[in-house]
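Chemist: Listed here are the chains, written in short residue letters.
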Amino acid sequence: MADFLNSYSIQRWLELCPQGYLEDTVYGHEEGESEAEVLLADDDLRTDAIRSTVQLVVGERAALAASSGLVNAAPDYPSKHFLATQTLDEARHVEIFTQRLFDLGVKKADLESTIDHFANPHLVKFAEVLLEKVDSGDFIAGVVGQNIVLEGLAFSVFEMMETSNRVSNPKFAHTLAGTIADERRHVGFGENRIGSLIKEHPEKKSEIEQMQKDMAYHMLKTFSLSFDEGRDNVDKARDVMGDVGSADFHGTDLSTATSEEMQTVLEQTVIGEFKTRLARIGLEYQAPVGV
Amino acid sequence: MSPEHDSDRADLGHPDPEFDPHALNQEDFLNEVHSFEFWFQAVEGYLRDRPYGHAEGEQSSPVGVADLGQSEKDSLITTLCNYCVGETAALEGASGMIAIAPNRHSKIFLATQVADEARHLEVFLHRLRDLGIANPEAEIERRANPTLLVFKRRLLELVRSGDWSAALLAQNVILESMEHSAFMVHAATADPVTAEILDGVMKDERRHLGFGENDLGRLLADHPGNRARLAGIRGELDGLVLAVFSRAADDLATDRSMRADMGREYLETMDRLGLV
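Same order as they appear, the protein sequences are chains P and F. The numbering used here applies: residue 214 is where the first sequence begins, and numbers increase by one. The numbering used here applies: residue 32 is where the second sequence begins, and numbers increase by one.
Just to be clear, a hint being listed does not mean it is correct.
Just a few of them, taken from the derived set where beta-carbon distance is under 8 Å, the chain F residues facing chain P [said to hold, decoys possible]:
# : residue
1 : SER66
2 : LEU78
3 : TYR83
4 : LYS138
5 : ILE139
6 : LEU298
What the hints contain is simulated information worked out from the structure, not anything from laboratory work. C-beta: ideal position from N, C-alpha, C; glycine also.
Make the full structure from the sequences, and use the hints.
Modeler: Next up, the structure:
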């Protein structure tokens with residue numbers, strides 16, 4: 214265990230992240246890059262971008278609260294070290310996505326009211342399920358909820374957004390690329406560290422699976438509401454952005470797909486990832502009912 | 032600007048040498064200095080090419096260790112074990128404070144502090160291994176100063192109580208000041224590798240202490256009614272801090288004037304806040 218945790222040390226993180234793929238970036242993107250002009254010029258598209266970025270801020274704030282809350286519950290120094298790097302990663306994500314809201318025209322004085330206005334209520338519930346486990350000091354459930362479920366969700370959502378913005382909005386795509394690299398590390402820690410703990414505490418399985426089921430329910434409701442809200446602007450965005458070429462995301466071309474097709478491929482991707490990652494730590498994916 | 036301020040500014044590591052965050056208005060100042068970007072620029076200058084806090088070439092042959100006598104080596108091990116206790120307290124305290132921080136700037140600053148404290152813990156653990164300690168966690172448990180453990184417990188109680196100003200005082204002013212004072216005195220006589228590690232750690236501690244003093248200073252200016260309550264907490268913790276200093280000075284066999292330096296810096300910080 215100690216050997217694998219050495220690869221999650223602060224020293225390794227410093228070399229890999231601030232001195233690695235984040236070197237020479239400003240708020241996660243190359244210096245001088247800005248949001249696509251056409252996006253800033255169109256009120257509907259800009260509002261849509263603000264709405265989707267607010268969900269990223271809400272998710273990252275939950276991740277910051279969860280990872281910092283888990284430091285105290287961690288049973289060993291190497292896990293505390295890793296969670297300290299994750300805490301800073303999540304704070305950076307909060308910062309860069311908040312900065313994007315400012316770049317999209319949100320005034321600093323209006324930040325919190327904008328977040329309150331656009332935050333998806335199901336995403337807020339999703340975070341509450343996780344933070345309840347963190348607040349009770351439940352390290353195993355907290356890491357599964359944070360590093361497998363929340364991070365697994367973020368990983369696929371960021372990948373999808375990065376794919377669809379690669380040509381039309383390189384600044385945002387670059388911002389997302391750094392967060393994807395971070396999330397990959399977080400998910401890796403969750404899988405590697407928790408597998409052995411679940412073997413030691415099989416009695417925790419049912420409680421953790423129930424948490425995963427509750428989180429998956431709110432995640433799917435979040436997707437459903439988000440794609441509903443953005444549906445009307447899909448065609449408009451394509452008209453305004455012009456031909457950006459194909460954008461393949463797990464077999465679906467995001468440049469031509471309908472809103473329903475995009476929602477389906479995202480759900481299938483995230484749930485597929487959940488099944489794979491949960492199986493690796495000895496858990497079985499629990500499908501939520503009523504959604 | 033005084034030479035001392037010039038030195039502080041150099042520690043910021045900002046790409047523009049003329050940049051002075053203190054010239055910004057308060058909102059922009061907080062946006063600037065309590066950010067990942069600012070932290071990144073600050074640590075980059077003194078952490079690059081210093082794995083585990085010291086220059087790379089020194090990693091495999093820890094300079095100075097071979098020259099230490101058995102008694103000096105044993106004292107250093109005890110001292111480092113207690114630094115690990117202090118840094119664990121700082122790590123758990125700072126991470127717990129994120130949940131109760133009153134605004135985004137403070138949460139982001141504390142996240143940078145969490146990574147700093149974890150790095151300090153990591154470099155001290157690494158140094159213990161350099162000194163031949165195969166199981167640092169067991170050694171820390173064996174050598175931990177009981178008074179420091181009491182301080183840690185009290186700090187975490189204040190954090191868990193959700194009292195932001197009390198937690199900020201205990202963590203970012205008292206603990207950071209205590210650590211900075213002890214490290215400064217130790218660095219003056221330490222072997223070169225330990226001294227270089229302590230130098231990097233103190234640069235971080237100055238940033239944490241600055242955050243604590245600034246935020247608490249603003250808070251006391253806005254809510255002077257808090258002063259008496261916080262002075263009471265300071266009074267309660269002072270005894271523990273001075274007892275920790277006394278034991279640390281014994282471990283390091285420091286002379287009388289250095290013992291006085293340790294306590295003086297700490298007391299000066301407390302007096303700056305007017306918590307008497």
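Chemist: With reference to the structure, classify each hint as holding or not holding.
Modeler: Verification of the hints:
no.	hint	result
1	SER66	6 Å, holds
2	LEU78	6 Å, holds
3	TYR83	6 Å, holds
4	LYS138	7 Å, holds
5	ILE139	5 Å, holds
6	LEU298	30 Å, violated
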